[in-house]
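**Student:** Use the sequences and the hints to build the structure in full.
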Amino acid sequence: MKKSYLKLALSVVFALVLGLSSCTKEKATGRIQGIVTNMNTTEPIQGVNISLSPTGASAVTGSDGRYEFNNLAPGNYTVQGVKAGFESNTKNISITAGNVSSGDMQLRPAATGFRLNVEYLDFGTNFSQLQFKIINASANTPMSWEIMESLNWLAVTPNTGNLQGGQETTITVNIVAPTKAS
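Be aware that the sequence shown starts at 1, since it is given in the numbering used here, and climbs by one per residue.
The set of hints was computed from the structure by calculation and includes no laboratory data. Idealized CB from N, CA, C, for every residue including glycine. Each hint can be trusted.
Label pairs and their calculated CB-CB ranges:
1. N92 - F127: 51 to 61 Å
2. G166 - N49: 17 to 27 Å
3. N99 - S144: 50 to 60 Å
4. E168 - S88: 18 to 28 Å
5. T90 - E168: 27 to 37 Å
6. F132 - Q33: 44 to 54 Å
7. P74 - Q167: 42 to 52 Å
8. T55 - G85: 23 to 33 Å
9. Q167 - P109: 18 to 28 Å
10. E119 - R66: 36 to 46 Å
11. V156 - G124: 12 to 22 Å
**Tutor:** So this is what it looks like as structure tokens:
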């Protein structure tokens with residue numbers, strides 16, 4: 001009988017030691033939980049690639065925009081969110097043992113399309129030539145453009161072109177003296 005009590009006591013002590021060591025491990029680490037939202041609409045963004053430095057771990061946000069990193073040693077980390085159509089964002093996060101740190105971040109939609117540097121051209125009575133710029137506001141999407149209006153008293157040079165993301169071109173508009181018919 002004495003031997004079985006000793007076995008039982010040793011089993012209980014062993015179980016307590018195992019339980020305490022796993023509790024100690026959980027409390028010695030921290031977590032990052034975050035949600036990624038659209039800066040303009042505050043809606044969650046699905047499919048954002050999240051990378052964690054310096055560990056090299058990665059995650060992808062779910063349909064609710066959420067992601068999580070578990071069992072992180074205390075220290076400083078950087079999370080970066082990347083998704084096509086959005087500007088990337090980074091956040092520095094400090095992890096303390098036993099705590100959950102916020103990794104919430106917002107992504108700004110990437111600029112797309114074109115812009116002009118003027119709203120209109122005012123030739124007045126003193127000018128016969130003015131210029132404006134076409135700017136590709138997209139960070140990495142090429143665009144083609146064409147000015148299709150054809151007037152016999154207006155000349156536009158150039159009237160077609162291609163621009164890589166972030167590039168611009170200058171357009172010259174001339175008022176042309178009308179030609180007399182013979």
